[in-house]
Amino acid sequence: MGTKIKNISMKIASRIKNFRITRSVFAYPYVLFLMMFVIMPLVILLINAFIVNEKFSFENFANFFNDGSSVDTLMFSLLIGIITTVLCILLGYPVAYILSKWSSGRLIVLLFILPMWVNFLIRTLSTRFMFEAIGIKLGVGTLIFGLVYNYIPFMILPLHTTLSNIDKSFSEAASDLGANPINTFFKITFPLSIPGILSGITMVFIPTISTFAISQFLGGTSSHLFGDSINTKFEHQLYGVGSVMSIIMLIFVLISNYFMQKTNKGEAARNLW
Amino acid sequence: MVNASHTKKILERSYIIVALILLYTPILLMIIFSFFNTSAFSFKNGFSFDAYESLFNSSNSKKLEDALKNTIIIAAVSSVISTILGAVAAIGIYSMSKRSRKIVENINQLPVINSEIVIAVSLMLFFVTFKFPAGYTRLLIGHISFCTPYVILSVMPRLMQMDSNIYEAALDLGATPLRAIITVIIPIISPGILSGFAMAFTISVDDFIITQLNKGTTTGIDTLSTYIYSSMHTAGGLKAYWFAAFSLIIVLVVGTLLLINLRKYKSKAHIKIQ
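Quick note, the sequences are listed as chains A and B, same order. Okay, so the first sequence: first residue is 1 according to this note's numbering, each after it adds one. Okay, so the second sequence: first residue is 1 according to this note's numbering, each after it adds one.
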């Protein structure tokens, strides 16, 4: 009896093993594709940044940090990115919070993310025409408006998801135990929604500093963002410095992704389809 | 007390309404002024369909048509390839050992988290270094490389939810592994494949930065986004017909998505009631 069971279990084990080996082969074409077209380009970016005249050097880095205007652009972008992100939290949190309490909230959240699917250049241009029609001069203010307008859906969506998944009995328990609504919010709801805020921050901050085109259309003549200057460097064939700047951008991406392991860009799309 | 909660409700409702109005104002203005044949938001030319007519008979109609064709061809080809590549890969990744699976999933995540400008310039350097033919080849490879991760991300959850005994039952009943995959696994994960395809298509249509940097200056290939961008930079700014084109795009996109989602929402509500 015992050997029979052992036999059967061995058979099952070998079958599972076989089917795993045969099936993982299906991933190989894509793994190869990833190596070729995702990893290799990044390696070449690194090579471009560190190799000058076929020799390893930090010349490109030195050039970047000595050129005051590039560093200024980076600082300016970080500042704009922080302001935009904070505004997105301040304006988007109430929206997500209110909608998480409504029974029709899920449907109305869709209305907030629908514009995301209209090409961002079109939305940016129509905000620009709007400002021009009412006579507001383009500058830092209009740039921040445009960025918030473009990226706030990315903040509302993860916030709404987290807020609606919070168990209602927590705040009910808090008020049963005598906490007033404000206390309940700051002691229960808000701390539990922090993962949503974090993922919203990564979804807004990184695209904001690395965007290009939005600042060209809405920033007037003076406000360029880091994405614009990367693009300009490559347009002027300055591949070395351009690569250094891209790597700095990549470092920001990796840092923010370290804090927020899972990005919700895919989730935004999945919610619609 | 009743009064306080009442005012709170009104405040909440008005906040949502004001936010929605703000969000949709630029879009609605675009549509309204597309009927006033202007290149700025003004009523001075009077109500007309001239902007819409000029879509078909202005000197730029040919270029606009080409850009639309390119956008659709590139999106269709790259999303079909991404869907096949991604769905097959997802089945493979699902049955990998835990460690290699984690590695592949992390690499797969790279194009999703990475900033578009970094993807664009790294691809450009790669294509230049290895002398890939300029034009469609570069664009298609680029689009496939940032669309496929989304297909995998939408197929994987379906595979995880699947009861793996079903596949083994098929094997026990005499199906070959390939047949079991085609007749058992694929139908189960097909909703994930479908939504992955839809995501890949829309992401490809929407892409601007990666297309702009990899289309090449001499090929003359433009998609709608890059054409909008370049015509914004030509002297005199945007022509009136762009307003008409934008309005059509907006109505098409928002209308389609709203319809799909309303239907989904309704059927879900229906199930709940039952």
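There's no promise every hint is true.
Simulated DEER-style distance windows between Cβ atoms [said to hold, decoys possible]:
(1) A:66 / B:66: 43 to 51 Å
(2) A:90 / B:24: 18 to 26 Å
(3) A:69 / B:218: 26 to 34 Å
(4) A:168 / B:251: 48 to 56 Å
I should point out that these hints are in silico values taken from the structure, not numbers from a laboratory. The C-beta atom is built at its ideal place from N, Cα and C for all residues, glycine as well.
Here is what the structure says about each hint:
1. Between residue 66 of chain A and residue 66 of chain B the C-beta distance comes to about 44 Å, which sits within the given range of 43 to 51 Å.
2. A hinted range of 18 to 26 Å for the beta carbons of residue 90 of chain A and residue 24 of chain B is consistent with their spacing of about 20 Å.
3. A C-beta distance of roughly 30 Å is found between residue 69 of chain A and residue 218 of chain B, which places it inside the suggested range of 26 to 34 Å.
4. At about 39 Å, the beta-carbon gap between residue 168 of chain A and residue 251 of chain B misses the expected band of 48 to 56 Å.
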